[in-house]
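With mature numbering (1 follows the signal peptide of the UniProt record, and there is no 0) as the guide, the letters of the sequence shown map in order to residues -17 to -1, 1 to 199.
Among the clues, some could well be false.
What the hints assert, rightly or not - Here are the computed lysine-lysine pairs in the DSS-like style, where the Cα-Cα straight-line distance is at most 27 Å:
id: 1; residue 1: K84; residue 2: K118
id: 2; residue 1: K194; residue 2: K38
id: 3; residue 1: K181; residue 2: K118
id: 4; residue 1: K84; residue 2: K194
id: 5; residue 1: K84; residue 2: K38
id: 6; residue 1: K118; residue 2: K27
id: 7; residue 1: K38; residue 2: K27
id: 8; residue 1: K27; residue 2: K84
As the list claims (entries may be wrong) - Restraint-style ranges between C-beta atoms, simulated for each label pair:
id: 9; residue 1: P133; residue 2: S41; range: 27 to 37 Å
id: 10; residue 1: K118; residue 2: K84; range: 37 to 47 Å
id: 11; residue 1: G40; residue 2: Q131; range: 38 to 48 Å
id: 12; residue 1: K84; residue 2: I59; range: 31 to 41 Å
id: 13; residue 1: I59; residue 2: K27; range: 12 to 22 Å
id: 14; residue 1: N105; residue 2: P39; range: 37 to 47 Å
id: 15; residue 1: Y82; residue 2: D121; range: 18 to 28 Å
Read the hints as simulated data drawn from the structure, not as lab findings. Cβ coordinates follow ideal geometry from the N, Cα and C atoms, glycine included.
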Amino acid sequence: MNVKNILLALLVQTVFSLPLFADDPVLLNCIETPEIYDLDARPKNFNSSNNLRRKPGSPNSATGELIHIVGRITDINCLPIQNAVVSIWHANSRGVNDYDKNIEDNQLDPNFAGSGRFVVNNLGYYNFITIAPGKIGDRAPHINFLVQHPDFPEFTTQMFFADHNCDNCADPVLEDFVSNGLASLLIAPFTYNDQVIKTYTFNITLGGYNKFSNKR
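Please construct the entire structure, taking both the sequences and the accompanying hints into account.
Here you go:
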């Protein structure tokens, strides 16, 4: 194959690959994710599993709708932050947070792990298996996120659900981000995977730069 044909082949490959990148907004719109500091009561220790639906070693599942949460951790240049530790915790399906000291035992779900942790891969991807949380008081259903990496300050935020827009509109935390147009960055869209499990995508962009970045 001569040089002209090689260049033509590369051009065709590039053109046909463009939609793949265009379909992934995190590769094009790495806008810094809004930070939320006032989170629900935080566990002293996080479960090391990414499966919150069951407690470690137990075959019993928590009550509630099974969901998956997937996403990618990047810097503002869209470079993955590999080995970042993503921790989550949230209320059970009854809207009760296991780490709230004021709750009664009969409000707890004995099979719900309550928290989980995942170390992202070299492309920055993470995933969790859990159940859909209920509302806590006047708060819309949400997931608390903690992202830790030695090259970045500790980051905390909350993920909201696109199919709870009525609740989202009235949420006292989320409404603070409506006026500046950042609320959409905290609301996760969903699709159904091959097993017909509702799967939410929540990409997180940290402020600052990956140490391997040459764009500063």
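Status of the hints after comparison with the structure:
no.	hint	result
1	K84 to K118	holds, 17 Å
2	K194 to K38	violated, 36 Å
3	K181 to K118	holds, 18 Å
4	K84 to K194	violated, 40 Å
5	K84 to K38	holds, 20 Å
6	K118 to K27	holds, 23 Å
7	K38 to K27	holds, 16 Å
8	K27 to K84	holds, 13 Å
9	P133 to S41: 27 to 37 Å	holds, 33 Å
10	K118 to K84: 37 to 47 Å	violated, 20 Å
11	G40 to Q131: 38 to 48 Å	violated, 25 Å
12	K84 to I59: 31 to 41 Å	holds, 38 Å
13	I59 to K27: 12 to 22 Å	violated, 32 Å
14	N105 to P39: 37 to 47 Å	violated, 26 Å
15	Y82 to D121: 18 to 28 Å	holds, 19 Å
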